[in-house]
Amino acid sequence: MQERDAYVALNLMEKVGPVTVRSLVEALGSAGAIFEASKQDLLGVHGVGPAVAGQIARQSRCLDWQGELERADARGVRIVTMVDPDYPASLREIYDPPLALYVRGTLQERDQHALAIVGTRRGTHYGRDTAKRLAAGLAHAGYTIVSGLARGIDTVAHQGALEAQGRTLAVIGSGMDHLYPACNSELAEAVVLRGAVLSEFPLGRKPDRTTFPMRNRIISGLSKGIVVVEAGTRSGALITADAALEQGRNVFAVPGRIDNAYAEGPNRLIRKGATLVRGVEDILEECGTLWGSSLSKATMPPQELCTLSEEESHLLTLLESGEQGVDELIRDSGLPAARVGSVLLALEMKRLIRMLPGRVVERRDGT
Numbered sequence: 001m002q003e004r005d006a007y008v009a010l011n012l013m014e015k016v017g018p019v020t021v022r023s024l025v026e027a028l029g030s031a032g033a034i035f036e037a038s039k040q041d042l043l044g045v046h047g048v049g050p051a052v053a054g055q056i057a058r059q060s061r062c063l064d065w066q067g068e069l070e071r072a073d074a075r076g077v078r079i080v081t082m083v084d085p086d087y088p089a090s091l092r093e094i095y096d097p098p099l100a101l102y103v104r105g106t107l108q109e110r111d112q113h114a115l116a117i118v119g120t121r122r123g124t125h126y127g128r129d130t131a132k133r134l135a136a137g138l139a140h141a142g143y144t145i146v147s148g149l150a151r152g153i154d155t156v157a158h159q160g161a162l163e164a165q166g167r168t169l170a171v172i173g174s175g176m177d178h179l180y181p182a183c184n185s186e187l188a189e190a191v192v193l194r195g196a197v198l199s200e201f202p203l204g205r206k207p208d209r210t211t212f213p214m215r216n217r218i219i220s221g222l223s224k225g226i227v228v229v230e231a232g233t234r235s236g237a238l239i240t241a242d243a244a245l246e247q248g249r250n251v252f253a254v255p256g257r258i259d260n261a262y263a264e265g266p267n268r269l270i271r272k273g274a275t276l277v278r279g280v281e282d283i284l285e286e287c288g289t290l291w292g293s294s295l296s297k298a299t300m301p302p303q304e305l306c307t308l309s310e311e312e313s314h315l316l317t318l319l320e321s322g323e324q325g326v327d328e329l330i331r332d333s334g335l336p337a338a339r340v341g342s343v344l345l346a347l348e349m350k351r352l353i354r355m356l357p358g359r360v361v362e363r364r365d366g367t
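Under our numbering, the first residue of the sequence shown carries the number 1, and numbering increases by one thereafter.
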């Protein structure tokens, strides 16, 4: 058995996780050796008890790893294992890296510069608008945006990256043939064209209450940091934040109103030391900007920073007297609300304005 085939097979095993496999590989020398080891050999490995050794012995005889490869290929899915060169380097750093990733789309070297944006499936208009703006701004700055393809904040994070012509990765909590939620299937196809949809779960695995916490560690593991936009106290986004802290990643949080239940999670994170986010620049100050690199030149040409449309100039002029609410700008500019939103997004990407809580806008110093 080839080493990568052994990892595909091990990933199909039930009740045998990445930490156990790592111990076995270190003790036995390779993943393939696990399938050749006797039960006594397995029991000699630290942390492997009779139950796990029995599971490996029983399942080794009936794993259809070749059929899994064929089924994946038929669906246009690649299986990338820990021994493959395009396995994300950032995932190798975490305590329990997935043994294999099912991938639709492409994984690129530039994805090492990734930031995750997560939050509640419900949330408010303000939260969704903020998440989308942050995703677009960070994508324009050269970062790959990672999220979970769920409803709400995840959805708009992917959309913001795509609208900024950036890359985005969606990590799902099910097998590739059980995409959840189904209403995001069209968005998933768009993500495949400008990034990838990923899962560690074999084909046939349906989502359940255990799969989403498992996928959250991959979201944070792929990222230099995570941004929590809106999340209740029991939100899965906070599980992702905890995973990020355990993995040594930066944690950012967007503050919210004290009477908003979806602000409790981010506000609590800020109280515990997460970086408070008022706009894209707060994240870039911590993680660094990629605009000076060859990577950013492909996504944000320098001349775009200096060229203003008539509408952009008009809104900047309205902001000369101080900060204003978005509704005031709509009224004073005479532009449609949707158009004002688009122009403000462009100005924020160019780092000429700052979006503040409560749909308030201010010009940045020196603009």
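Certain hints may be false.
What the hints assert, rightly or not - Result set (DMTMM-like, lysine to aspartate or glutamate): computed pairs, CA atoms no more than 20 Å apart in a straight line: (1) K206 to E163; (2) K350 to E286; (3) K39 to E14; (4) K15 to D96; (5) K206 to D64; (6) K350 to E362; (7) K15 to D5; (8) K15 to D73; (9) K350 to E285; (10) K350 to E246; (11) K15 to D41; (12) K272 to D282; (13) K350 to E310; (14) K350 to E312; (15) K15 to E323; (16) K272 to D242; (17) K272 to E286; (18) K272 to E246; (19) K350 to D129; (20) K206 to D242; (21) K39 to E26; (22) K350 to D86; (23) K350 to D242; (24) K15 to D64; (25) K206 to E14; (26) K39 to D73.
None of these hints come from the bench; they were simulated from the model.
Hint-by-hint comparison with the structure:
For the proposed pair K206 and E163, the alpha carbon gap of about 30 Å is over 20 Å, so the pair is violated. Our distance criterion of 20 Å between C-alpha atoms is met by K350 and E286, whose separation comes to about 18 Å. Under the criterion of a C-alpha separation no larger than 20 Å, the hint pairing K39 with E14 is consistent with the structure, at around 17 Å. This hinted pair checks out: K15 and D96 have alpha carbons roughly 14 Å apart, not beyond 20 Å.
Of the pairs offered as hints, the one joining K206 and D64 holds, with about 18 Å between alpha carbons and a cut-off of 20 Å not exceeded. For the hint pairing K350 with E362, the CA-to-CA distance comes to about 14 Å; that is within 20 Å, so the pair holds. At most 20 Å may separate the alpha-carbon atoms for a hinted pair to count; K15 and D5 meet this at roughly 19 Å. A threshold of 20 Å between alpha carbons decides the hint, and for K15 with D73 the separation of about 26 Å lies outside it, so the pair is violated.
Between K350 and E285 the CA atoms are separated by roughly 15 Å; this keeps the pair inside 20 Å, and the hint holds. Of the pairs offered as hints, the one joining K350 and E246 is violated, with about 34 Å between alpha carbons and a cut-off of 20 Å exceeded. Taken as a hint, the K15 and D41 pair is honoured in the structure, with Cα atoms around 19 Å apart against an allowance of 20 Å. Note on K272 and D282: the hinted pairing holds, with a Cα-Cα distance of about 17 Å set against a maximum of 20 Å.
Restraint check for K350 and E310: the C-alpha separation of about 15 Å stays at or below 20 Å, so the hint holds. Restraint check for K350 and E312: satisfied, since their Cα atoms lie roughly 11 Å apart, inside the 20 Å limit. Of the supplied pair hints, the one linking K15 and E323 is violated, its CA atoms being roughly 56 Å apart against a limit of 20 Å. A C-alpha spacing of about 12 Å is found between K272 and D242, which places the hinted pair at or below 20 Å, so the restraint holds.
About 17 Å separates the Cα atoms of K272 and E286, which keeps this hinted pair within 20 Å; it holds. A threshold of 20 Å between alpha carbons decides the hint, and for K272 with E246 the separation of about 14 Å falls inside it, so the pair holds. The hinted pair formed by K350 and D129 meets the criterion: a straight-line CA distance of about 18 Å does not exceed 20 Å. Our distance criterion of 20 Å between C-alpha atoms is broken by K206 and D242, whose separation comes to about 25 Å.
Restraint check: the Cα-Cα separation between K39 and E26 comes to about 17 Å, which is no more than 20 Å; the hinted pair holds. For the hint pairing K350 with D86, the CA-to-CA distance comes to about 32 Å; that exceeds 20 Å, so the pair is violated. For the hint pairing K350 with D242, the CA-to-CA distance comes to about 32 Å; that exceeds 20 Å, so the pair is violated. Proximity of K15 to D64 is assessed by CA-CA distance (about 17 Å); at most 20 Å being required, the pair is judged to hold.
For the given pair, K206 sits about 14 Å from E14 by alpha-carbon distance, which is consistent with the 20 Å threshold. Under the criterion of a C-alpha separation no larger than 20 Å, the hint pairing K39 with D73 is inconsistent with the structure, at around 33 Å.
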